[in-house]
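All chains should be modelled from the sequences, with the hints used to inform the complete structure.
Top to bottom, those sequences are chains A and R.
FYI, the numbering for the first sequence is 27 to 545, going by my numbering.
FYI, the numbering for the second sequence is 2 to 335, going by my numbering.
If you're looking for bench data, these hints aren't it; they were derived computationally from the structure.
Fair warning: this is a prediction, and the values are worked out from it, not measured in the lab.
Misleading hints may appear alongside valid ones.
Stretches of chain A that chain R covers, calculated by requiring three or more beta carbons in the stretch to come under 8 angstroms of a beta carbon on chain R [claimed, not checked]:
#, segment
1, 109–116
2, 120–126
3, 131–138
4, 164–175
Every residue gets a Cβ at the ideal spot worked out from N, C-alpha and C, and that includes glycine.
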Amino acid sequence: MSDAVARIEKLVVQFDRSGTPFRALKGVSLDIAPGEIVALVGESGSGKTVLGNCLLGLVPGGHRTRITGRVEVGGTDMVGGPEKDKRRVRRNELGAVFQDPLTSLDPTMRVGKQVRERGATAQRALDALTECGVPEPGQRIRYWPHQLSGGLRQRVSIAGAITAADPGGVPSLIVADEPTTALDVRVQDQIIKLFARLRDDHGCSILLITHDLGVAAQIADRIVVMSEGEIREHGPTARVLREPQHAYTKKLLESRLDIAGPLPPASVVEAGEPVLTLSEVVKDFPAPHKRGEKRRVLHGVDVRLEAGESLVLVGESGCGKSTLLRIAAGLETPTGGRADVPPAAGRPQLIFQDARSSLTPWLSINSQLSERLAAAGVPRKDRPARVAELLGQVGLDARMAASRPRQLSGGQCQRAAIARALASSPGILLCDEPVSALDATLAAQVVDLLDDLRRSTGVSLLLVTHDLAVAKRIATRIAVMTDGRIVEEGPVEQIFASPAHPYTKQLLEASPSLAAVAS
Amino acid sequence: MGLLKQIASRVASMLGVLVVLTFAVYFIQRQLPSDPARVLAGRTASPEALAAAREQLGLDKPFLLEYFHYLGRLLHGDLGISVTSRNEVSSDIGTYLPATLELVVVAGVLALIGGLILGVIGARDGWLAGAVRFVSVAGASAPTFLVAILLLLVFYRDLGWLPAGGRGDALAASEPTGLRLIDNLVHLDGAALADTVNHLVLPALVLALSPAMAIGRVLRSSLRATMATDFVRSASAKGGSWPAVVWRHGLRNALGPALSIAGVQVSVMLGGSVIIEMLFSWPGLGNYLSDAIANSDLSAIAGVVIVLGFAYVLITFVVDTLQILIDPRLREPV
Numbered sequence: 027m028s029d030a031v032a033r034i035e036k037l038v039v040q041f042d043r044s045g046t047p048f049r050a051l052k053g054v055s056l057d058i059a060p061g062e063i064v065a066l067v068g069e070s071g072s073g074k075t076v077l078g079n080c081l082l083g084l085v086p087g088g089h090r091t092r093i094t095g096r097v098e099v100g101g102t103d104m105v106g107g108p109e110k111d112k113r114r115v116r117r118n119e120l121g122a123v124f125q126d127p128l129t130s131l132d133p134t135m136r137v138g139k140q141v142r143e144r145g146a147t148a149q150r151a152l153d154a155l156t157e158c159g160v161p162e163p164g165q166r167i168r169y170w171p172h173q174l175s176g177g178l179r180q181r182v183s184i185a186g187a188i189t190a191a192d193p194g195g196v197p198s199l200i201v202a203d204e205p206t207t208a209l210d211v212r213v214q215d216q217i218i219k220l221f222a223r224l225r226d227d228h229g230c231s232i233l234l235i236t237h238d239l240g241v242a243a244q245i246a247d248r249i250v251v252m253s254e255g256e257i258r259e260h261g262p263t264a265r266v267l268r269e270p271q272h273a274y275t276k277k278l279l280e281s282r283l284d285i286a287g288p289l290p291p292a293s294v295v296e297a298g299e300p301v302l303t304l305s306e307v308v309k310d311f312p313a314p315h316k317r318g319e320k321r322r323v324l325h326g327v328d329v330r331l332e333a334g335e336s337l338v339l340v341g342e343s344g345c346g347k348s349t350l351l352r353i354a355a356g357l358e359t360p361t362g363g364r365a366d367v368p369p370a371a372g373r374p375q376l377i378f379q380d381a382r383s384s385l386t387p388w389l390s391i392n393s394q395l396s397e398r399l400a401a402a403g404v405p406r407k408d409r410p411a412r413v414a415e416l417l418g419q420v421g422l423d424a425r426m427a428a429s430r431p432r433q434l435s436g437g438q439c440q441r442a443a444i445a446r447a448l449a450s451s452p453g454i455l456l457c458d459e460p461v462s463a464l465d466a467t468l469a470a471q472v473v474d475l476l477d478d479l480r481r482s483t484g485v486s487l488l489l490v491t492h493d494l495a496v497a498k499r500i501a502t503r504i505a506v507m508t509d510g511r512i513v514e515e516g517p518v519e520q521i522f523a524s525p526a527h528p529y530t531k532q533l534l535e536a537s538p539s540l541a542a543v544a545s
Numbered sequence: 002m003g004l005l006k007q008i009a010s011r012v013a014s015m016l017g018v019l020v021v022l023t024f025a026v027y028f029i030q031r032q033l034p035s036d037p038a039r040v041l042a043g044r045t046a047s048p049e050a051l052a053a054a055r056e057q058l059g060l061d062k063p064f065l066l067e068y069f070h071y072l073g074r075l076l077h078g079d080l081g082i083s084v085t086s087r088n089e090v091s092s093d094i095g096t097y098l099p100a101t102l103e104l105v106v107v108a109g110v111l112a113l114i115g116g117l118i119l120g121v122i123g124a125r126d127g128w129l130a131g132a133v134r135f136v137s138v139a140g141a142s143a144p145t146f147l148v149a150i151l152l153l154l155v156f157y158r159d160l161g162w163l164p165a166g167g168r169g170d171a172l173a174a175s176e177p178t179g180l181r182l183i184d185n186l187v188h189l190d191g192a193a194l195a196d197t198v199n200h201l202v203l204p205a206l207v208l209a210l211s212p213a214m215a216i217g218r219v220l221r222s223s224l225r226a227t228m229a230t231d232f233v234r235s236a237s238a239k240g241g242s243w244p245a246v247v248w249r250h251g252l253r254n255a256l257g258p259a260l261s262i263a264g265v266q267v268s269v270m271l272g273g274s275v276i277i278e279m280l281f282s283w284p285g286l287g288n289y290l291s292d293a294i295a296n297s298d299l300s301a302i303a304g305v306v307i308v309l310g311f312a313y314v315l316i317t318f319v320v321d322t323l324q325i326l327i328d329p330r331l332r333e334p335v
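Given below as structure tokens:
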């Protein structure tokens, strides 16, 4: 492929991590052909973002970073070349879209100006916004980023990425680093389709960096699988998904939670006593910047959680699901309605999305568990045995009791947080997006762990997630929420087999699945 | 909430702070074992004269009424009479304030410029940034009076380039503003202007030194954090060079914390000018205040405290307003 838009040859990137060298990329070679969409798939720490930054000529780490090999975009050396040439390539031939649309736009600059940053005319910015599906672009051009929703902000970012300096020019390569990870599934679906359309209309190549094989399956011509700084496997999308060659790819495929995956084995839940009853719960928050005004986030929600069952609340960001969970935990007072937990069920325990920050950084896991055991009235002499037992329950080695959170991986932190929640032998575990921050392989393990714990200890689960695939793996019952209301509720089989509400159907359709390609 | 509405609410809270300040000043004054009526009437005054003075000052009424009387006098610019100078405190302050104002404003501008330069250079990787960080730490930890004496030894005694103190009264015009830089510019008097500048350089520099370092340090760390954000990465990915990205995206977003610390530092400068004025025989409010303290001149002390308090409140208001101006999230609804 002599006409490649971008060419990476034997690229090695070595960072200096407080004195010790760390190789983020260990000799990576990759060509991207004109008009090709390449999905670069890998878990956190695989080096996929570093690779994207190399293509943009923006390698972080300062002067102690050592790079060998070549990265060429349009014939220009993007790692060794003079800064001036790299800037010219960035102005004319590259576009970049990053993960978090909340932070990738300058909050103090109007949207239109950011789209025109490379010197395009106002008209061109307007056209780009229109093309990227921003409604009423003529008005929006004067907006500040915080006045737009997450999806619109990502559209603005993309509009900026396709507006090269060259009048009317569209970059030949767009590097999109997890462009949909922070977005709701329905918005994710639209943005993915937008990328496909931009490629079809302009013939630009796209490097889509993602952790999700499902997103890659929807759009990519070719999939490149990376782990630990090396390319494990690459090939046409359908081939990689149907006949994965490398063990790592197989592991990724097997562990991925998919809405087309199997239902969990039916668990025998006897219609037990309710352990948590929320009735007609209403919650108002003060509206931002408007003194005295209220914003209603929950419009009279009823939830009944029975002993031993697993109820999953599914909804998109802003639907009120986390607020509902916090009310169930007693962390928020409802404006109206009641939240009842019978004393026998004990105080509900919470598990958060970001496990590492939910653990106290300077205390060992042992002290954090013992503290809870002490609070639960476990005598001092019994505590070490209980700590070991709890760690065993969540699949952590007993030797990890001495570790502090920063010495543990993300998955281990979440396990420790679950152990801590179990210390007081609660009747209810409340989980707020417990696996959203974890890599696919770990996410599946933690979901299964929660499911096992429910089956073995009889603890009831109320779990909040945006991901229907997670719900399918763990729920006995699903409640779908939008705009502060539960619009559909039923046993997991029913929600997946015959969704009744249009919103549930939209969610199911938009959820990325491998089923279409892999079967 | 619109910009004007927000500014209006800040002005309202500013007035509230001033009322509390004047009340505190008055309350403390009344608790002290000193009789303002006797001060006014004189040591040998007859009981009738004393009673007349008491009535004139509103001291024959209940405490709260006394306070309102005092507030009324304040609003008319009446700060009482200084026992030391035997002048109205307000006219004394009128004499000394411009000198302090000029010193603090010039030092404030120097501190802002210095902080900006130190902050921006320090935010980049490399040896220059390291050098700047070293200078910042050294400069911030050097005691002001030592630096002042050192500079005086070098520039006055050894080199003889700059005067030892004072404002340079011989040549200067002091109309219409009392701020010599402006007055001499108005009169187009080059020689006097040069003399004014020569007298200002050392005290302003010494006063600006440590605030410049503080502003620089805060700006540096906030600019570094800003330069690591995704929107800066986006801007770099669009081909902006480091200086261009700092100018277009970095500074405005990093300025918030630096502005807050600058407000605090300029306020501290007002207090810090007392020492500087003594060291450089600067005929300003600081010297007036230290004389007043030495002579237990309560009216003068209270007058200066109220003027300084007003300045603090004003600076805070300016900083708050600037924060609203640079960050659209603080003023435009979602």
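Now for the hints, and whether the structure bears them out:
no.: 1; hint: 109–116; result: holds (count 5)
no.: 2; hint: 120–126; result: holds (count 6)
no.: 3; hint: 131–138; result: holds (count 5)
no.: 4; hint: 164–175; result: holds (count 3)
Figure legend: structure checked against the earlier numbered hints; every hint is met.
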